[in-house]
Every structure is written in structure tokens, then in C-alpha cells.
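Asker: Since chain A is already given, all that's left is putting chain B on it; use the hints.
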Amino acid sequence: MRILLIEDDECIAQTLENVLRNEHYAVDVAVDGQLGWDLVETFSYDLILLDVLLPKLDGIQFCQRLRSCNYQMPVLLLTAQDSGADKVMGLNAGADDYVVKPFDFPELLARIRVLLRRGNAPLFPVLHWENLQLDSGLCRATYQNQVLNLTPKEYRLLELFLRNQNQVFSRSAVLEHLWSSEEVPNEDTVTAHIKGLRHKLKQAGAPTNTIETVYGLGYRLKLSQAESVPPTFSGQSTSQNSIHQKTKAGLDEVWEKFKGQNGDRLSTLEQASQALRTGKIDRELRQKAHQTAHKLAGSLGIFGLTEGSRLAREVEQMLHPERNLDESQIRHVIKQVAALRLELETAFNKRLNQIGTKGSPNQSLPLLLVIENDLKLAKQIIVKAAEQGLQVELAPDLAAAKAAIDGAISVENTHDKLGNQTHSTTHSLDGVLLNLSFFDLDEGSLDQLATLINQTPPLPVLFCTTHDGVAERVKATRLGTHAFFQKPLVPSQVLETIARVRSQVCISNFKVMVVDDDPQLLAVIQNLMSPWGIQLATVEEPLQFWNTLETFSPDLLLLDVEMPRFSGIELCQIVRNAPRWSDLPILFLSVHTDTKIEHQAFEAGANAYFSKSIVGPELVTQMLNRLERSQLLRSMSHDG
Amino acid sequence: MTNKRILIIDDEADIREATKLCLEVAAGWEILTASSGIEGLQTAASEPLDAILLDVMMPDMDGLTTFEKLQANPKTQNIPVILLTAKAQPAEQRQFTQLAVTAVITKPYDPLTIASYIAEVLN
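These protein sequences, in sequence, are chains A and B. Numbering-wise, this note's numbering comes out as the position in the first sequence, counting from 1, plus 337. Numbering-wise, this note's numbering comes out as the position in the second sequence, counting from 1, plus 163.
Please note: incorrect hints may appear among the correct ones.
Claimed, not checked - Reference listing, derived: stretches of chain B covered by chain A, where coverage requires no fewer than 3 residues with Cβ under 8 Å from a Cβ of chain A: (1) 184-197; (2) 268-275.
To be verified - Pairs of lysine-lysine, DSS-like flavour, derived with a Cα cap of 30 Å: (3) B:Lys232 to A:Lys625; (4) B:Lys232 to A:Lys585; (5) A:Lys812 to A:Lys824.
These aren't lab readings, by the way, just hints derived from the structure by calculation. Cβ coordinates follow ideal geometry from the N, Cα and C atoms, glycine included.
The following block holds chain A by itself, in its conformation from the complex (with noise of 0.2 Å):
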């Protein structure tokens, strides 16, 4: 069970954690309740502990937020003693219980056993599952009256599978409800668990694989002979397994028939939760899209997609015409509309943009590969991208990671004036976060890997590992990649670390300005620049600068020395002497080698003089320098 304790008062949380562990929950403490709401967002809790006075979101805004957007795990109160008034307004907000400080550390456990017990896994002092035993009171498990000599984690491990029988866990999911997020196993610690319950179980005399493997999904109790066989009403379980393998072929052919369909469907939830996060929707969209998320919710489970119907109810209540939504009902309906979209992808494995025509990514939005295996960590990525107005692509294996790259990346050949063959890559994605172990594979993977990463202009890349070596770090490193993290991942860091890996590395909103005389050399710039999306204005005739200057805004200036009627030098004297541009830096680049001009250069105000032997990838070099050394000034004057 996986508690999430808000609590201000580090001693209080303190003393209060230790309890809770002695206990056997995996618990997560959030000093304020922003940082409360962003666990939630993150991890499921089986019950939260939540003191009323909180910094940046109190206890009472927590509840309301937590209810309305059909959070239904317990919540427990912690309330001063004079506080009566609170204890109301709580339980009016959805709390269920209230204990008030100082603890009485017994009545407290006492009743989170009790509200446990109301959720959706009823809590019985003792548990059954034919001749196993666990006494939830007593912190006992026993097979034929046989004490199991377990550990804590294999006994909490046992716990859940009674708790929740005929329930298949993945590895992910026993981390989840086990361990705490400060807690890091990867899921090879899982495996160990099962493997050491098993052996205990084994050894007390139970049937091999009580706890039974259910391949490509997880564990199990393992179902008697008589239970594993479907409820029919022919009587002829033989026939019968043959009809419900017939209808569920039949069904796939339905599906298969009827996805573009769907892909539409969803199309129109993401048309509605984009307008939403913008503001713009209208009665209209919310209406189709109200009744669009109606039909899915009535559909979907039918196909075996029973998490995609209850993600389309939950979006189906919140768009209801007469309902007003705040906020975070907002920020909820955009989650759970991004979330469906995985449901869909994940469900058939495929990439939905070949699913339905209208379902491709939205190419105003920013986009994100992540190439990633473990599904609820994705999961949770691609609703927090949702929300800050990202798309994420999602790559389960290797293969679809490929495909992925290759479809988003594009390589043009093309001739200068000069007649000298270029060529341009241009790629759609905006960043990859990438599981480094897909790519312990092969060396041809990290070949790939490298091409992907060093693009022109270079794409943010981050890796995500269980394992935390310095052998990892270097090859990441060797790789160029932009950030390293160690799992477990929270999904905000990640994605803040993109957006700051993205603003270092995109310049494509960049504006140069080039003037020269020169119609070829004006070309040979635009082909250079062309690849990595700077925005560039060429003048050839000086008479037309100061027009341009002031119209087009650029951030880098880039003269000719030697032109008709005005010289590069007293064009770079008149920026100067204009305080818009006092900042703006300014190259010349010549066929003047001689330092007495160079000098001039200088004294009217140049940044840097090149010699025009140097046009080609060392003047790109050159430019991104001075590009990005004059944007960290900017945002340094900003800060300051």
C-alpha cells in the first residue's frame, strides 16, 4: 500500500514517515501541497495524509482540486486541536476522516486501516486464497497453518496479490504499489521478490507457481483448475473457449475494420482539449466533442480497451455542456485526452497517425519521441507534455523507435549557385528522451543514434537508465547527448529539461541580416544558413539597409566591407550610433586582408572581421558563437 503524506513540518513528516514504514507502506512525503498535487499527477497512492495548512495549496484547495477531478483515493486530515472550523470545511471538500495533532500513533493507523478498507481493495484482517493465510492484524502470513517466514517486502509483496485476487501485476506496477519515489529498484528487484516468495511458498508445501507468471504481462495468483476455466452456459468449456476465441478474432476484424473511425474520434477530443488549453472553444466543439467522448466510452471496452472507456467517461463528464470547469478541470480533461491517445497506441501497438487521417500529430505543436518500454512511464510523460501543449510520439522497442527516426528525419540534395551539391537534413522532432538500454544492442543502434543526434541543427537528446555507471555516463556522453538521468523519472523534471536543452540548442528563431554586393556570395550564405532554420534577410543595395534594419529586427548583423555608395564600415558606424542597436553584433567578412581595415572595423564598432576565404561551416560556427553568446547576455541584463 503507497501512502502520500503532505505535511509542512519536517519533524511531524519525519516522525510520521518512520511510523509508516515501520509499518510496512511505501511512503512519499510533499512538504506543500503544489508538490503534493504534482505526486498525484505522477503516481497512484492508495491513501493520502494531508494537513490543512499547507504553503502554495492548502489542504482544503488540495481536497476540492483532488475530488473534481475524480481522484477517489482516501483522504485523511491532520488538524490542529482548535480547529473545528477546518475539520468542516474538509470533510465538505472530500476528505473522509480527521485526526487532530498530536497523534495518538495508534488511533491514527487504526484509521487508515479503516478507510483502506472502504477503497476499491476491501481490507480483511485476514486474508484468504485457498490454503494460504495472511492476517493483516497479526502481520502473519501462513500456508495449512504453516507461519511463512517472509520479508517485509515479500509479505507486502503476498499482501497485494490477496488483496487484488485475479489480477495480473506487471513489474511496474508492484513498484508502484511497494516501493516509495525515493526508493530506486529497477524491476529486476521484483523479479528476485517473486522468485524468494515462491521459493517460501514452495518449501511450506504449496503447488508450484501459486504466484504464477502471465507471460508479456506479469504475475498472478495462479487460478485452480476449476476457475481457470470461463462460466459457460452450454456446459462445454471446450466449445466454449473456441466460441469466445472466435469473438474475439471477429472482434479484432470490427476493430480493424472501424479504427480510422476512432482515430477520428480522438481527433476530435484533441481538437477540443487543444482549444481548451488555449481558451477558444466554443459551444459547438464542446458539444461534438462531449458526444464524441460518449460514443468511446460506450465503444471502446467492448474491443478489450477498457481503460481507453473510463478515460472517454471521465473526459464525457467533464465536457458536459452546463458544466463549468476551472483550471485544473482543464488541465485534468487535456491529461486524460493525451492518456486515451496512448491507450489507443499501445493497445495495437502502432502509431496512431497511421490509424485514423486525421490523427496525425499536430504539426503546430512541439514534438517529442520518447523511446521508452516501460508504458506507465510514458504514460505519465505524455499526459504531463499534454498539458504544457507538447506531443509526444511514443517508441516502445527498438524497432518502432527506427521508424520513428527515420519518418521524422529528411535528407535534401540540392546544388548552390555555385554548382556545388549541398545537402540539408531537417527532422519534425523537437526532442527524444531515450531508454540508453534499447541501445546496448547493437553498435549499428548507437550509429544511428549518432546520426540522430548530431543534426544540423542539433536535436535535444536526453537518456533515461536504471543503471547509474560511469560506463553509461561517458557512453552518453560519447554520444552527445544533452542530459543524463538516472530512473526512477519525475515526468515535470524531465520535461523542464527539455524545454531548457531546447531554448541552448534551437535557434531557428534566430534573424541574421547579411549585406553584400555580392548576388553568389548572398547565395552561398542562404544554403549555409537554410539547414538550420535562421530566419535571414540578404541586401544588396545599401541604399535599402537602414529599411531593413528597422523592418526585419535582426539579432546578428553580417557587413561587407566594400560596396557602392556606402562602405560596410560606415554602415556598422550608423548602427552604432543608433541606441536600439548599440548591442547588436556586428561581423564583417572581406576579401581585405589588410589590418588597417581590419582596424577600422574594429573602431566603428565591429564584433569580429573575417576574411571571405573562411565562408563554409567554420562562418556558421562563427555566427551560432556570437548568436548565443548575445542571447546569454540578454537573458543575463533580463535576470538581472
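Answerer: Coordinates of chain B only, in the frame set by chain A:
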């Protein structure tokens, strides 16, 4: 299971086909379909039927209006009607159960047991 003729009235083609498939495969019943209330009324009045599965939310003529018209027609008033609905609110559910319908099935239904449930209800 004894042979039956069932009419499914639902405007959503995927649900119509999925439900038809589930009932044909599991029970071997003969299934007729209609994509609107009006088409359903015509079929119900002209074909011998053992039951009608009727969707509630449909454009033009909704399920409840269709049900009223089935009740008003002597040719169709004795055909058992099972409502299919994705309405999840308790108030709406209560409203449906107060009607003279034989049963209410909530969507999404379990495709592997819907046939046995309908057989049980009709028996």
C-alpha cells in the same frame, strides 16, 4: 440455446457489428440490424422478432422515442426490448429501469457474456 431472431437498433456501425458478431458466434441467433429508430420501427413491424436491442442515444429519433412508438404499435408492443446505453449517471439509469423495458445493458458490455445474459433475461 433456442434459436431466436433479434433486432439491433444502433446508429454506431462498430457497435452494431460487434454486437451482431457476439450474438451470432456465441448463441447462433439470427440477427437483423437497423441504423436508426425509424428504420428499426419499420423492421420491427414487418419481421417476426424475439427481442430488440435498442440504443438510447441516437440522432433524429432517440431510443426512448423509438421505444414509445414500439409500445404504441399493436404489432410491436409485445416484443421484449432491451436498452443498450452508455449513460452512466445513476439518475438516467433509474429512469430507464422505470420504463417497461425487459432489461438495460450498459455499454461497454462484456462481449463474451452478453449473449448468455440476454438468453437469461429472455427466458
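Asker: Checking each numbered hint in turn, tell me which of them this model violates, lowest number first.
Answerer: Hint 4 alone not satisfied by this model.
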